[in-house]
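Those protein sequence lines, which keep their order, are chains A and B.
Using the UniProt record's numbering, read the first sequence as starting at 1 and increasing by one per residue.
Using the UniProt record's numbering, read the second sequence as starting at 1 and increasing by one per residue.
In case anyone wonders, no lab produced these hints; they're calculated from the structure.
This structure is a prediction, so every number in the text was calculated from the model and none was measured.
Glycine is no exception: its CB is placed at the ideal position from the N, C-alpha and C atoms.
No incorrect hints appear here.
Covered, in the sense of this in silico footprint (three residues per stretch, anywhere, with C-beta under 8 Å from a C-beta of chain B), are these stretches of chain A:
1) 173-184
2) 192-203
Under 8 Å between C-beta atoms, here's a sample of chain B residues computed to sit facing chain A:
3) 12
4) 17
5) 18
6) 20
7) 21
8) 26
9) 31
10) 37
11) 47
12) 55
13) 58
14) 74
15) 75
16) 76
Ranges between beta-carbon positions, derived for each pair:
17) 43/B x 115/A: 50 to 60 Å
18) 112/A x 36/B: 52 to 62 Å
19) 185/A x 70/B: 21 to 31 Å
20) 115/A x 45/B: 43 to 53 Å
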Amino acid sequence: MGGLWRPGWRRVALCGWRWRPLGRPTCVAERVERWLKPERSGTGGAGTPGPRLIGTWRRSSLARDLAVAARRPKSTNPQARAQEEEWRRRNKTVLTYMAAAAVGMLGASYAAVPLYRLYCQTTGLGGSVAAGHSTDQIENMVPVKDRIIKVTFNADVHASLQWNFRPQQTEIYVVPGETALAFYKAKNPTDKPIIGISTYNVVPFEAGQYFNKIQCFCFEEQRLNPQEEVDMPVFFYIDPEFAEDPRMVNVDLITLSYTFFEAKEGHQLPIPGYN
Amino acid sequence: MSTAMNFGSKSFQPRPPDKGSFPLDHFGECKRFQEKFMKCLRDNQFENALCRHESKDYLECRMQRQLMAQEPLEKLGFGDLVDGKAGKH
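Chain A with its partners taken away, still in its complex shape (with noise of 0.2 Å):
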């Protein structure tokens, strides 16, 4: 190539007309053309001198030529060779073994939700229901005479709710294994009857599961006529378990405090628990 053109329109072939007559080669293609020189002794072309000679000048696409090389192992020796071969195994291997540790953590997060259940269940964290407490227990319980907690008494309601309604006793003591009684009172102000329904709280949450109620007046909707006020009576005990769990060593005030909603007409409210 190099005898045939004058080097000035070498470098406009190669080039296109973006070409400076003198200095430097400018752009890839020249670059590249002169690494194919038989000329240069780099580390290229190693052994096959003698097309080039010949003269002919294969400007084959130089993208496809750069592209080879890229993908082409780094180095012609056998043995790093065979190693790079042994990366790219080893790299899939890896590969695979994340993919399956990704799917592997999906379905551990689909799982979580039951296996969590059982474990709550049989653990009782989280404040589940304790060993089943029946009516034969109540009659069969001594009360725990030394240890006595002091109950107190909240009342709430919810705005939209005009009732009034507070408790009639501030606090009572009781004893573990004694069955007591307590009450609220709730009037209605309006001209109106409202239906309340009410749910209840213990605090500390871990003594709520040693709170039980024989009979109250939560859950179920409740109907005030105007102007009428009525007891609502909640009776209660606490498990006699409780003076044995070592976790309530220090508690000595449990508070229970009721909410009262309003309820609509024909509006289901749950029964609580799991199901």
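With chain A's structure known, arrange chain B on it following the hints.
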């Protein structure tokens, strides 16, 4: 029902009462017994153990007037009072 949204901490699980809900005493039929009970509590510094007779009387009143399901008193924890023994301490 706790409104805490942190899943790690314990939360409170409300449970329905064992024997359901008391019907409301709209006509105040047992109000006298209730007032006696409250007076007893106030006189005894709100100690429940000293007022168990009054609470038993109140519940008996409710049972007689169909405001509460009939139950033997032993099942309500008043077994010691049924025998006519003096009030427990």
